[in-house]
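Visitor: In the order they appear, the protein sequences are chains A and B. Once you know that position 105 of the first sequence is 105 in this note's numbering, the rest is easy, because the numbers rise by one and skip nothing. Quick note, this note's numbering runs 1000 ahead of the 1-based positions in the second sequence.
In case anyone wonders, no lab produced these hints; they're calculated from the structure. In this text, a Cβ means the ideal position worked out from N, Cα and C, and glycines have one as well. Watch out, some of these pointers could steer you wrong.
Claimed, not checked - Chain B regions said to be covered by chain A (calculated; three or more residues, Cβ under 8 Å):
1. 1042-1049
2. 1052-1062
Claimed, not checked - Here are some chain A residues pointing at chain B (derived, C-beta under 8 Å):
3. His45
4. Arg54
5. Leu75
6. Phe88
7. Arg96
8. Leu98
9. Phe100
10. Val108
Said to hold, decoys possible - Not the full set, but computed from the structure, chain B residues with beta-carbon under 7 Å of chain A:
11. Phe1105
12. Gly1106
13. Pro1107
14. Gly1108
15. Thr1112
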Amino acid sequence: SQQGEEDPQALSIQEGENATMNCSYKTSINNLQWYRQNSGRGLVHLILIRSNEREKHSGRLRVTLDTSKKSSSLLITASRAADTASYFCVEDTGRRALTFGSGTRLQVQP
Amino acid sequence: ETGVTQSPTHLIKTRGQQVTLRCSSQSGHNTVSWYQQALGQGPQFIFQYYREEENGRGNFPPRFSGLQFPNYSSELNVNALELDDSALYLCATSPAGGGTDTQYFGPGTRLTVL
């Protein structure tokens, strides 16, 4: 399998704290995407970072990409209880399929 | 919420039966992909359809098959169900064939095989 890995597998923080999730991937990518999934249901696209970008911001989200290390990180600042979800990093090689990692389960305590 | 809908929401079948899952595409999206997500795992790519033709397939046996219709809606058919087929099945649509595009996911169909 070409599936990457997220670290940590689970993370519990207090509301207002920052949450950092890391991802390692295995293939050569066109871009790397992060998705969120609430309660085992549909996935929501959060942010896409292209292989020639190193950092990207969107609201309270900050994503970094290091293609030499095949790694990425997602930072959620000032977390809220509504951020409780599973977060997946997703490799996009341009070859039809998105390759999902196993996800980080984030719990934000109110 | 995306404009992608899936039906049914939940389904219970017994081993050996056949099942059909449905997905309605977001307006303007001509590509649909299907994923299987086992409990506690990330989604696994099953296949993709573009303009009614299969456009790529993951590591799934031939008893997993699909269709895409002229209005870009889609079906996933699974024959000879096995217990390990129990999972959340997600469809995702995008405006062009292939990767490098954001995919818009439906809420999923949870299939239980007894």
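Visitor: Work down the list of hints and note, for each, if the structure agrees.
Guide: We went through each hint and held it up to the structure:
no., hint, result
1, 1042-1049, "holds (count 5)"
2, 1052-1062, "holds (count 3)"
3, His45, "holds (5 Å)"
4, Arg54, "violated (19 Å)"
5, Leu75, "violated (20 Å)"
6, Phe88, "holds (5 Å)"
7, Arg96, "holds (3 Å)"
8, Leu98, "holds (6 Å)"
9, Phe100, "holds (3 Å)"
10, Val108, "violated (20 Å)"
11, Phe1105, "holds (4 Å)"
12, Gly1106, "holds (6 Å)"
13, Pro1107, "holds (4 Å)"
14, Gly1108, "holds (6 Å)"
15, Thr1112, "violated (13 Å)"
Comparing the model with each numbered hint stated earlier shows that hints 4, 5, 10 and 15 do not hold.
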